[in-house]
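S.K.: Sequence:
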Amino acid sequence: MIILILIIVLAFGFDFINGFHDTANCIATAVSTRALTLKKAIFISAIMNFLGAVVSSTVAQTIAKDIIDINTLENGMLVIVAALISAITWNLITWYFGIPSSSSHALIGSMAGAGLADAGIHAIQWRGFGKIIESLISSPVIALIVGFLMFSVFKLLFHSLPAGKANKGFRKIQIFTAALQAFSHGMNDAQKSMGIITMALVAFGLKSDMSIPHWVQFCCALSMALGTSVGGWRIIKTVGTQIMKLKPISGVAADLSSVLIIQAATHLGLPVSTTHVVSSSIMGVGAATRFKGVKWRTGQRMLFAWVTTIPITIIISAGIFEVCHLFSEIF
Numbered sequence: 001m002i003i004l005i006l007i008i009v010l011a012f013g014f015d016f017i018n019g020f021h022d023t024a025n026c027i028a029t030a031v032s033t034r035a036l037t038l039k040k041a042i043f044i045s046a047i048m049n050f051l052g053a054v055v056s057s058t059v060a061q062t063i064a065k066d067i068i069d070i071n072t073l074e075n076g077m078l079v080i081v082a083a084l085i086s087a088i089t090w091n092l093i094t095w096y097f098g099i100p101s102s103s104s105h106a107l108i109g110s111m112a113g114a115g116l117a118d119a120g121i122h123a124i125q126w127r128g129f130g131k132i133i134e135s136l137i138s139s140p141v142i143a144l145i146v147g148f149l150m151f152s153v154f155k156l157l158f159h160s161l162p163a164g165k166a167n168k169g170f171r172k173i174q175i176f177t178a179a180l181q182a183f184s185h186g187m188n189d190a191q192k193s194m195g196i197i198t199m200a201l202v203a204f205g206l207k208s209d210m211s212i213p214h215w216v217q218f219c220c221a222l223s224m225a226l227g228t229s230v231g232g233w234r235i236i237k238t239v240g241t242q243i244m245k246l247k248p249i250s251g252v253a254a255d256l257s258s259v260l261i262i263q264a265a266t267h268l269g270l271p272v273s274t275t276h277v278v279s280s281s282i283m284g285v286g287a288a289t290r291f292k293g294v295k296w297r298t299g300q301r302m303l304f305a306w307v308t309t310i311p312i313t314i315i316i317s318a319g320i321f322e323v324c325h326l327f328s329e330i331f
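Note that UniProt numbering has the sequence shown beginning at 1, numbered continuously upward.
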């Protein structure tokens with residue numbers, strides 16, 4: 001029971017850190033274009049993250065069933081503990097250095113690493129795991145293309161609109177698109193911890209299936225909303241100002257592109273990296289605006305984090321599992 005309580009606390013902690021780590025995904029464009037002040041943007045983001053997290057559970061069930069089969073592992077509870085500690089550690093490291101890495105990559109890599117350390121390659125549900133990896137890899141590429149096409153359409157439709165009038169109108173629209181993006185973020189990201197807690201409840205015999213309890217949905221949603229309310233200025237600065245100089249019209253195009261990708265993935269039950277989807281949408285919009293205006297060096301840093309997060313967290317979580325396992329045998 002102590003281990004179960006520890007898992008629940010760590011899962012809520014992961015959601016809290018995910019909230020302030022990924023706040024930038026939802027509000028960076030709105031803040032950088034001055035459509036919203038930082039405080040107002042964070043407040044709206046926290047509310048919409050909470051609402052998004054309580055309306056769906058499809059992604060949570062994917063996380064609970066398609067990475068590892070907890071019932072086949074000898075030390076399943078230690079696997080979950082090690083995975084959560086690893087994901088939290090990586091999120092804090094990347095937040096400190098202002099690197100917009102993926103909380104989704106971190107959690108999925110950590111679960112795989114701890115499972116491998118416990119039971120080898122047989123611990124992984126390879127079919128489901130492969131599907132998740134495909135969605136994590138393809139979603140930023142699709143977001144880049146959609147962002148490019150979205151802003152290309154915007155240019156055709158609004159090319160004759162005076163710049164001052166366009167900025168004023170799109171700043172108002174961006175309040176709505178930022179809120180919609182925060183809602184979508186909550187629908188996808190908060191569900192990952194819900195899946196982890198449900199796995200633990202099933203393993204302890206407190207649930208007979210992988211359906212997500214309402215109290216788990218509510219508490220995970222609240223944890224992420226509270227984390228979002230803290231903010232995450234380091235990553236907001238990177239996403240909002242260090243990819244390209246955003247105008248309200250390009251901010252709206254980037255927001256809508258991100259929302260389309262995240263909503264589609266959520267309805268399919270696929271976890272995606274909202275960090276990389278948002279960043280790729282901004283780069284796509286930037287490429288359609290002026291290719292040289294995009295700070296591709298920042299994109300290279302994001303690509304590095306995109307490629308390395310899963311391998312690094314596999315190693316970290318495997319090491320943490322071995323330490324946890326050693327302590328469990330001693331005590």
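FYI, nobody ran anything at the bench for these hints, they're computed from the structure. Quick caveat: nothing in here was measured; it's all calculated off a predicted structure. We put the CB at the ideal spot given by N, CA and C, even for glycine. Hints are not guaranteed to be accurate.
[Claimed, not checked] Pairs of lysine to aspartate or glutamate, DMTMM-like flavour, derived with a Cα cap of 20 Å:
no.: 1; residue 1: 292; residue 2: 209
no.: 2; residue 1: 131; residue 2: 69
no.: 3; residue 1: 168; residue 2: 69
no.: 4; residue 1: 207; residue 2: 329
[As the list claims (entries may be wrong)] Pairwise CB distance ranges, derived in the manner of DEER restraints:
no.: 5; residue 1: 267; residue 2: 205; range: 46 to 54 Å
no.: 6; residue 1: 6; residue 2: 157; range: 52 to 60 Å
no.: 7; residue 1: 162; residue 2: 290; range: 47 to 55 Å
no.: 8; residue 1: 297; residue 2: 9; range: 15 to 23 Å
no.: 9; residue 1: 157; residue 2: 218; range: 40 to 48 Å
S.K.: Which earlier hints turn out false for this structure, listed by number in ascending order?
M.R.: Those not satisfied are hints 1, 3, 4, 5, 7 and 8.
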